[in-house]
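**Q** This is what each chain is made of:
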Amino acid sequence: MKTKRIFGFFALLLIFGASFAMGISAAKDHIVDDGYEIGDVAADFSLKNVDGKMVSLSDYANAKGFLVIFTCNTCPYAKAYEDRIIALDKKYKSQGVPVIAINPNTKSGDGFAEMQERAKEKGFTYPYLHDEGQKVYPQYGATKTPHVFLLEKTQKGNVVRYIGAIDDNYQDASQVDEKFVENAVEALLAGKEINPNTTKAIGCGIK
Amino acid sequence: MNRLLILFLMVALMVGCGDGKKPKDVADNQEVAVESQNEEKVAFPIYDFEGLEPLLHKEDDQTYIINFWATWCKPCLEELPHFERVREEQKDNNVKVILVSLDMPHMWKSRLEAYVKNKRIRSEVVILDDPKQNEWIPKVDEDWGGGIPATLIYNKEKRQFFEKGFTYEELNEALNKFTK
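Same order as they appear, the protein sequences are chains C and W. Here the working numbering is used: position 61 in the first sequence is 61, and no number is missing along the way. Here the working numbering is used: position 5 in the second sequence is 1005, and no number is missing along the way.
Mixed in with the good hints, there may be bad ones.
What the hints assert, rightly or not - Result set (DSBU-like, lysine-lysine): computed pairs, CA atoms no more than 30 Å apart in a straight line:
1) W:K1117 x C:K107
2) C:K192 x W:K1132
3) W:K1091 x C:K200
4) W:K1096 x C:K79
5) W:K1058 x W:K1156
6) W:K1139 x C:K192
7) W:K1180 x C:K200
8) C:K79 x W:K1119
9) W:K1158 x C:K107
10) C:K93 x W:K1132
11) W:K1117 x C:K79
12) C:K179 x W:K1180
13) C:K93 x C:K179
14) C:K156 x C:K192
15) W:K1158 x C:K200
16) W:K1058 x C:K200
17) C:K93 x C:K48
Worth flagging that the hints you see were computed from the coordinates, not collected in a lab.
The whole structure should be built from the sequences, with the hints applied where relevant.
**A** Written out as structure tokens, the structure reads:
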């Protein structure tokens, strides 16, 4: 009887210990994962575009939503998606969901002058904003480039509807099976549920 | 139930592969030829996730450190010497390091091979070439967002995943939980 009770006590201790340890690791994970989740209201920002003007989401009076895409000059994945980002903007700007690209990096190759050069070279049709002071990307919880946040403009603000990758094949646009972002925007415009609303992809960590 | 699942996965894969390759052969023979030529010459094994997966689930007496990296990833290159050092120090302690490169095909010869040679990297290097990232990333770890560097440490008893870079001390600390 006594041994049983002692055993029970240890079992309890173990459970307590384990849950404590899990709590710690969960808390740690949260620091990494901090940022917006689906359904959160995204904060507006005012960042400098490559044309020297400041851009905010509130400037777009008629927008139904936004494709906020964290991308950069230097990441091979971001480069692989440049043409597809231009195509997204061309397709959806006229339907009220423009691309707003933000470069969260500050290291060499991603300076403001280099951003201007890249935007000109590729003929970006969308604003390419410099996250000066790196304040915006942690707010959103962007961890890598490219990293897409689809927002829907609603009464209560710009609500996050999709987070993740552009599609399911970074190497070859012609081999894409699922166009995650296009599907998400189409669903949003049609008032349908977005599925999947989060996807994963390898990307370059933000520097 | 398990067998059914495996069977289903195999069929799904076969169907998937068939679908994936056909249009490419038809669309651009030249490009395919160039690619396969490249693959022949690369010094490291090239896996899709199906091929890599057994390396993430070995049930022998070793502890495996599986590091996901790429030559274009600066923080990955910064921590690489720590993995090399730990490999050297722990090789008699049943610890094995596998460096899984996520470099893109056009970088395999020019960057990856050159880097491994110049830095005299002695850990095992393999290439993971599987664009269906949204499918395989969660299979490595449910919580992995896809950022690199990322490292999986496991043995037949437990496993832990880290989506972060390591210092030498942190790597040892993480490894100690597996080897002691």
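**Q** Would you mind marking each hint as holding or not holding in the structure?
**A** Against the structure, the hints:
At most 30 Å may separate the alpha-carbon atoms for a hinted pair to count; K1117 (chain W) and K107 (chain C) meet this at roughly 27 Å. Proposed proximity of K192 (chain C) and K1132 (chain W) is supported: the alpha carbons are some 25 Å apart, at most 30 Å. Proximity of K1091 (chain W) to K200 (chain C) is assessed by CA-CA distance (about 34 Å); at most 30 Å being required, the pair is judged violated. With a C-alpha separation of about 34 Å, the suggested pairing of K1096 (chain W) with K79 (chain C) is violated against the 30 Å cut-off.
Restraint check for K1058 (chain W) and K1156 (chain W): satisfied, since their Cα atoms lie roughly 7 Å apart, inside the 30 Å limit. For the hint pairing K1139 (chain W) with K192 (chain C), the CA-to-CA distance comes to about 29 Å; that is within 30 Å, so the pair holds. The hinted pair formed by K1180 (chain W) and K200 (chain C) fails the criterion: a straight-line CA distance of about 34 Å is larger than 30 Å. Between K79 (chain C) and K1119 (chain W), the direct Cα distance comes to roughly 27 Å. Compliance with the 30 Å bound is thereby established for this hinted pair.
A threshold of 30 Å between alpha carbons decides the hint, and for K1158 (chain W) with K107 (chain C) the separation of about 38 Å lies outside it, so the pair is violated. Between the alpha carbons of K93 (chain C) and K1132 (chain W) the distance comes to roughly 28 Å, so the proposed pair stays at or under 30 Å and holds. The suggested pairing of K1117 (chain W) with K79 (chain C) holds, with an alpha-carbon distance near 27 Å, which does not exceed 30 Å. In summary, the hint linking K179 (chain C) to K1180 (chain W) is not supported, as the alpha carbons are separated by about 46 Å, beyond the 30 Å threshold.
The straight-line distance between the Cα atoms of K93 (chain C) and K179 (chain C) is roughly 17 Å, inside the 30 Å bound, and the hint therefore holds. For a cut-off of 30 Å, the pair hint linking K156 (chain C) to K192 (chain C) stands: about 19 Å separates their Cα positions. The straight-line distance between the Cα atoms of K1158 (chain W) and K200 (chain C) is roughly 25 Å, inside the 30 Å bound, and the hint therefore holds. A hinted pair counts as satisfied when its Cα atoms are at most 30 Å apart, and K1058 (chain W) with K200 (chain C) qualifies at roughly 25 Å.
Using a Cα cut-off of 30 Å, the hinted pair K93 (chain C) and K48 (chain C) holds, with the two alpha carbons roughly 20 Å apart.
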